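*Asks:* So you can see what is in the structure, the chains are spelled out below.
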Amino acid sequence: MTSNPVHQGIDLRVFARYRGDFTEEADVVVVGSGPGGAVVAHGLVEKGLRVVLVEEGPPIPPADFEFDGGMSMARTMREGGLRTTRGTVMPTMQAIALGGGSLVNSAICVRAPEFVLDRWSRDYELNKTTRTELDPHYDAVGAFLGISPTPEDVQGARNLLFRDGCDALGYSSEPIARNVRGCRGSGECFTGCRSRAKQSMDISYVHEALEAGACVLTSARVENVLASGHRVSGVEGHVVEPFTGRPRYRFRVNAKVVVLAAGCMATPVLLQKSGGLANRSGQVGENLRFHPGVAAMGTFPDRVDPQFGATQGYQSLEFIKRGFKLETLWAPPTIFAVRLPGSGMAFKERLGDLPYSAVWDAIGSCNRSVGRVRARFRGNDPKLSWKLHPEDVGLLMEALYRLAEIFFAAGAHTVLPGVSGLPEEMHTLEAADVLRTHEVPASSLVLGGNHAFCSTRMHGDPRRGVVDESGRCHDFENLYVADTGIFPECPSVNPMWTGMALAHRTAGCIADRI
Amino acid sequence: MTGLFVAALIAWLFTRALLGYPKPTTHYRRLLRGEAAFVEAACGVMFPAGGAIPLAGTEVGAAPYLDRMMDASKPRIRALMHSLFFLVEHASLVFRGPGRGGRRRFTRLDPEQQLGVLRGWETSSFFARRLVFVSLRSLLAMAYLQHPSVLRELGIAPMAIDTSVCEADLWMPRVGADPSTIPWSVSDVNTPRDDVEPLNLDSPLHPDYAEDSS
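Chains H and F, in that order, are what the protein sequence lines are.
Every letter in the first sequence is one number past the one before it in our numbering, and letter 216, counting from 1, is 216.
Every letter in the second sequence is one number past the one before it in our numbering, and letter 87, counting from 1, is 87.
A hint or two may mislead.
Listed below are the simulated DSS-like cross-link pairs for lysine-lysine, each with C-alpha atoms no more than 27 Å apart in a straight line [stated by the list, open to error]:
no.	chain 1	residue 1	chain 2	residue 2
1	F	Lys74	H	Lys383
2	H	Lys273	H	Lys128
3	H	Lys256	H	Lys387
4	F	Lys74	H	Lys273
5	H	Lys273	H	Lys256
6	H	Lys256	H	Lys383
These are calculated hints, taken from the structure and not from any lab test.
Predicted model, so just to flag it, every value in this text is computed and none were measured.
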């Protein structure tokens, strides 16, 4: 143990401390320490229950953060960050670390719009999932994490130019609310916040859960949910070596309640690999949806120095009912380089424009574009198929046009929309009009599968959904799901806060029932 | 006679495809000799010397970088990367590159021909070919843009930040290390406050990216 007395009561297991096969007993075992699992674990341990939180990834402290985007992804993302969908080929990521995606996301917290939750409530028989019902849960999470709008002094030129462009066009815009305290605008959210300003789950909810007495098993991969009849009795799997994933020891956690929060792409795989659990509705792994993202780069006459400022500090919800959200963006330059056209000296010259450039993106609420998650024959990675609906291609092209419009209104002289088959550079808004008038196939877009949903969807009717409003599986008395897989549709905005609000509600329901 | 012809053909293909790569000066854990040569050649063509960023792609250590990345990747991803390098290196044996002597593997083509081959992948009407190009260029861009000189030149090198120590850091060891190695104690905790100064152009660079680091 450390010499630090604060550490004495903490029950955190790391890879170096495992010595052989073991079994744990718990009231509740939670699988996955991302925003969903961390909130549930904290909520239940606060109620005095014995909670074991199991996470496949290791804790990653700042000393292990990689500045380089490629190496960072190789270490913190499943499949090295190179996971893609089939059908419409689109990269999509899932983190593997204590704290899950919150360690490497940009901390955006937005409440799902009222019209979205009204639709969920009406179309999916979810009477208690209205905004009014969820607001107390949003509030509780918001207060715990200190969610607040990004202050002006850490916005940086990249974010403020977006605001100026929106103002010039009369479009609404606002500073993005984030789970951050004391941000210095380093723009390093995607590779881990060195300032420790981002309240990622590992240093917030998981930390508090540990302090309250939870047991946290890291580097522990759950491979099977143990079930008999209408009840589950725990989970089992292997301790795995960090980064390589090589199995070392076997473990088992016996529990009265099992909560799966492994993420929208991993939870259905776990259910499928556990003998097809909770699938009387036939909906496990079905209905997969994303917020596909597109981005454009604008170059300005003066330096923007885009590395300064909050990673994503400003957004516009002007077109949210139309089906897309606009926002600012910064990431390691290696990620942006993917979007630039050209090769050789032309490509290199474009890289040279980076200090004068800003990248803004749009995420589409593409409910027409549906896919599925399937377990692979070997391994635990999912096989994802998904197809971008032609009408959603049009939606994303319109979003790109709006981004170009804002760029030019903010003073950009060049916009690179990154659409194959269209001009690589656009210098006037008239030239950019082709973005909304020209039909292109999905394969012409450079897409990013930002958020994933619906693979274990919530529905009031047990024949049409996997879980009920409390997150409990229709087929089991004591099996719950608490990740974005339970969303019945795209939330239209960044999903983390909504996922945590639903998880907060789930924790309360479990505590009442247990 | 047919057997002799087939044997000669195989020998010719073997020579063209697999032999004649220079012996690498570095030991690679994952990259094969031919792959290292391909990566260096492709990075040199993708990032020629001069222009806005003086450093050439051949000067950034692309092969060692991608070797480290492959080593950090799972076997399935490594297999995909091996396939990608093999495909682009040898596709010009079947679909010839531009100009005279274009039916040679990528690393044996002239730089202009190599650029022509890459442009062929980039501008192809087949999505799969464009996808191969984007994948390759992404890896090469990662290799190029990790170099401190390149990042300094672009003005986007990481800044020095006095990393705060939060309460969670008291129980969080380095990956793979034992908790007994955690260097912090309660007196080190200095959770970030809201009144800290934002970073700006005058902020010092991280020591690994400062001028005298490379």
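*Asks:* Indicate, hint by hint, whether the structure satisfies it.
*Replies:* Each hint tested on the structure:
no.: 1; hint: F:Lys74 with H:Lys383; in the structure: holds, 16 Å
no.: 2; hint: H:Lys273 with H:Lys128; in the structure: violated, 31 Å
no.: 3; hint: H:Lys256 with H:Lys387; in the structure: violated, 39 Å
no.: 4; hint: F:Lys74 with H:Lys273; in the structure: holds, 21 Å
no.: 5; hint: H:Lys273 with H:Lys256; in the structure: holds, 21 Å
no.: 6; hint: H:Lys256 with H:Lys383; in the structure: violated, 31 Å
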